[in-house]
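Generate the whole structure from the sequences, applying the supplied hints.
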Amino acid sequence: MSMKRTLFLILPAVLFISIFMLIPLMIALVYSFMTSDSYGGVTAPATFDAYIQLLYQQDFDGSLIFSTDYLFIILRSIELAVATTLLCLIIGLPVAWHIVCQNASRRKFLLFLVTMPFWINTLIRTYCWVLILRDQGLINMTLRNLGLIMDPLPLLYNDGSILLGLVYTFVPFMVLPIYSTLERVDTRLIEAAHDLYAGRWQVFRRVIWPLAKPGIVAGSILIFAPALGSFLAPDLLGGGKKLLIGSLIQMQFTSSRNWAFGSALAVLVTATVILTLIISSRRNKVGEVRI
Amino acid sequence: MIEVRHVSKVFTTMDIGTVTALAEVSLTINDNEFFTLLGPSGCGKTTLLRLIGGFETPSTGEIRIDGVDVAGLPPHKRRVNTVFQSYALFPHLTIAQNIAFGLEMLKWSKADIDVRVKEMLALVRLEGYGERNAAQLSGGQQQRVALARALAPRPSVLLLDEPLSALDLKLRKGMQVELKRLQRETGITFVLVTHDQEEALAMSDRIAVMSAGHVLQIGRPEDIYDDPNCCFVADFIGEANLIPGALLGRANVNIVTIRPERVTVGPGDAPAARIAGTVAEVTFIGPDTLYDIGLKDGTRMRARVRGDRGRFHAEEPVTVHWPDEAERELAS
Ligand SMILES: Nc1ncnc2c1ncn2[C@@H]1O[C@H](COP(=O)(O)OP(=O)(O)O)[C@@H](O)[C@H]1O
Ligand SMILES: [Mg+2]
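For the record, the sequence lines run as chains X and Y.
When we follow our numbering, the leftmost residue of the first sequence carries the number 1, and every step to the right adds one.
When we follow our numbering, the leftmost residue of the second sequence carries the number 1, and every step to the right adds one.
To be clear, the hints were calculated from the coordinates, so they are not data collected in a lab.
Note that the Cβ used here is the ideal one computed from N, Cα and C, for glycine as well.
Treat the hints with care, as some may be off.
[Unchecked claim] Pair by pair, the computed Cβ-Cβ distance ranges are:
{"id": "1", "chain 1": "Y", "residue 1": "Met-14", "chain 2": "X", "residue 2": "Lys-4", "range": "39 to 45 Å"}
{"id": "2", "chain 1": "X", "residue 1": "Met-116", "chain 2": "Y", "residue 2": "Lys-110", "range": "48 to 54 Å"}
{"id": "3", "chain 1": "X", "residue 1": "His-98", "chain 2": "Y", "residue 2": "Asp-205", "range": "42 to 48 Å"}
{"id": "4", "chain 1": "X", "residue 1": "His-98", "chain 2": "Y", "residue 2": "Asp-31", "range": "38 to 44 Å"}
[Stated by the list, open to error] Within a straight-line C-alpha distance of at most 30 Å, the following computed DSS-like cross-link-like pairs (lysine-lysine) qualify:
{"id": "5", "chain 1": "Y", "residue 1": "Lys-118", "chain 2": "Y", "residue 2": "Lys-77"}
{"id": "6", "chain 1": "Y", "residue 1": "Lys-118", "chain 2": "Y", "residue 2": "Lys-180"}
{"id": "7", "chain 1": "Y", "residue 1": "Lys-170", "chain 2": "X", "residue 2": "Lys-213"}
{"id": "8", "chain 1": "Y", "residue 1": "Lys-118", "chain 2": "Y", "residue 2": "Lys-107"}
{"id": "9", "chain 1": "X", "residue 1": "Lys-213", "chain 2": "Y", "residue 2": "Lys-107"}
{"id": "10", "chain 1": "Y", "residue 1": "Lys-170", "chain 2": "Y", "residue 2": "Lys-180"}
{"id": "11", "chain 1": "Y", "residue 1": "Lys-170", "chain 2": "Y", "residue 2": "Lys-118"}
{"id": "12", "chain 1": "Y", "residue 1": "Lys-77", "chain 2": "X", "residue 2": "Lys-213"}
{"id": "13", "chain 1": "Y", "residue 1": "Lys-118", "chain 2": "Y", "residue 2": "Lys-173"}
[As the list claims (entries may be wrong)] Incomplete in silico selection of chain Y near chain X, CB under 8 Å:
{"id": "14", "residue": "His-76"}
{"id": "15", "residue": "Phe-90"}
{"id": "16", "residue": "Gly-102"}
{"id": "17", "residue": "Met-105"}
{"id": "18", "residue": "Pro-153"}
What follows is the structure, given as structure tokens:
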């Protein structure tokens, strides 16, 4: 294919990414170096204040004190995103494998089930979990009516419920890419491994895992990035008790009216994701799978 | 030694219902033997091989390998290795890693594995290919890697499912010789599955001819060729004339079979003829001439006459002759 033609064909993708990603990102970057207007938006002059605010708190007399509050929020968010990704992997890999092992019509049906949540708005789906988990919710009421508990179990508004909401939202993004890589794997490779004295665990470790790896990497990226910035599940299921970076950013643009700080946080999250992507793509070059 | 005793295999599928892939199959495969399962597509060859390998379990019957009943033993606990029809090389591993796979699973030491991998690469004449990827090799080379990988752990039996069917004719002939050599050099029992009767005749110590889930005849290639026990075997192995006994004046004989090369053709008025007919077609193919002869009830007979140079012409009345020892009377 000629160079000209190649350029022409990738043009829509380039335009799309520029308009919906690069330009907003540039705006955020610029805003993060401005001064916040207390009515929303930003004004001159340009400063580093927003970035300074990440690490220092302003005392009453105007002097700066080192503070780890925001760092902890960021760390906790990363922790939660990693946990979400790992849990999605632990659930998604066996599910994908199970689907691959079915016959064609059952595969279609199971894949349909996996994609069904996409038909309903995430906000509604997440809110449903509140109805299920709250003190007067489905689980607690059932258990109480069965006489198994006296007081309701604290199922809502903790790290566990946030994690549950995130995993619930993102698990299809792990199942689908792993399914699509495993689908192309010749099942005779599994038989060949068994034939060559590999037990079930060895077959998994030596054949299924390496062959599923491109899908695992893709799924992890698809989940880690949005999980890091998500605010829906933390807000609804975490009750906003412990701040996470997604909610923090959202607050800066709404109630706090600190657009510059919000932009700085957004830039930080984006930088973290891009860095993770670069590192993971470097590492995966080494054991790259040819298909 | 592999003993297959009264083994049946019935598959139940949602769309077709039940399929009897094997019906009461019994056979014994000896040590160091090159044994071939021969039959048309769908007769149950692969199923029998997969039962021996442990990938399927028999519906009824018993399979013993070296005297041990292998019922319930999974494939990785049987000293049997398989060369798959599609080779099934691991795409994420190099050639050397593919060959080492079974050895690693058997917990050989690193040093032993290295030595063995080199040895196997030399055995299949792929020295220097160890670091390549499977996708970089030709079909014939991949085939040899699959052989090396299956032979490396020194199995007591090697199962080969149509190993040559994906290769072109010239390569196939070469690999036939190669397989024969590998079997001789390793002393391992080979069980080969094929639908190609020439391949079976050329390579095997013994052949089991299968049809529709049954084993019809087991024997050395020459015995099966010379002494088929039914019409199917006679017709499937080489070429055969199948003549109704009634046509030869033998009322109590169902079918008489004679190989075309044992038949001679004489002029229409020749004495002591077996039967008379009319030449339907003459084909000159170099050393031999093929005659298609129409018998009186419409049965076609074929004669392959050496050095005849087309003595008879189409529509000419002829007589057909053969010695007594060339014919076999078949009940079915
Ligand atoms: N897993 C299976 N499920 C259902 N039917 C099968 C299965 N495997 C084989 N069969 C059927 O069993 C019969 C024998 O198949 P197979 O052993 O593959 O024959 P061959 O190898 O001689 O061509 C065929 O009718 C085939 O359709
Ligand atoms: Mg087959």
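Here is how each hint holds up against the structure:
1. Between Met-14 (chain Y) and Lys-4 (chain X) the beta carbons are some 53 Å apart, a value that contradicts the proposed interval 39 to 45 Å.
2. Evaluation of the 48 to 54 Å hint for Met-116 (chain X) and Lys-110 (chain Y) yields a pass: the beta carbon distance comes to about 50 Å.
3. A C-beta distance of roughly 45 Å is found between His-98 (chain X) and Asp-205 (chain Y), which places it inside the suggested range of 42 to 48 Å.
4. For His-98 (chain X) paired with Asp-31 (chain Y), a C-beta distance near 42 Å keeps the hint of 38 to 44 Å intact.
5. With a CA separation close to 25 Å, the supplied pair Lys-118 (chain Y) and Lys-77 (chain Y) stays within the 30 Å bound.
6. A C-alpha spacing of about 21 Å is found between Lys-118 (chain Y) and Lys-180 (chain Y), which places the hinted pair at or below 30 Å, so the restraint holds.
7. A hinted pair counts as satisfied when its Cα atoms are at most 30 Å apart, and Lys-170 (chain Y) with Lys-213 (chain X) does not qualify at roughly 39 Å.
8. Distance check on the hinted pair: Lys-118 (chain Y) and Lys-107 (chain Y) sit about 18 Å apart at the alpha-carbon level, within 30 Å; holds.
9. A threshold of 30 Å between alpha carbons decides the hint, and for Lys-213 (chain X) with Lys-107 (chain Y) the separation of about 25 Å falls inside it, so the pair holds.
10. Distance restraint check for Lys-170 (chain Y) and Lys-180 (chain Y): the Cα-Cα separation of roughly 16 Å lies within the 30 Å cut-off, and the hinted pair is therefore satisfied.
11. A threshold of 30 Å between alpha carbons decides the hint, and for Lys-170 (chain Y) with Lys-118 (chain Y) the separation of about 27 Å falls inside it, so the pair holds.
12. Distance hint between Lys-77 (chain Y) and Lys-213 (chain X) is fulfilled; the C-alpha atoms sit about 28 Å from each other, no more than 30 Å.
13. Simply put, Lys-118 (chain Y) and Lys-173 (chain Y) have alpha-carbon atoms about 26 Å apart, close enough for the 30 Å limit, and the pair holds.
14. The beta carbon of His-76 (chain Y) comes within 5 Å of a beta carbon in chain X, closer than 8 Å, and the hint placing it at the interface holds.
15. Against a cut-off of 8 Å between C-beta atoms, the interface hint on Phe-90 (chain Y) holds, since the closest Cβ of chain X lies about 6 Å away.
16. A distance limit of 8 Å between C-beta atoms decides the matter here; for Gly-102 (chain Y) the minimum to chain X is near 4 Å, and the interface restraint holds.
17. Annotation: interface hint on Met-105 (chain Y) holds; nearest CB of chain X at approximately 4 Å, less than 8 Å.
18. Taken as an interface hint, Pro-153 (chain Y) checks out: its beta carbon lies about 7 Å from the nearest beta carbon of chain X, inside 8 Å.
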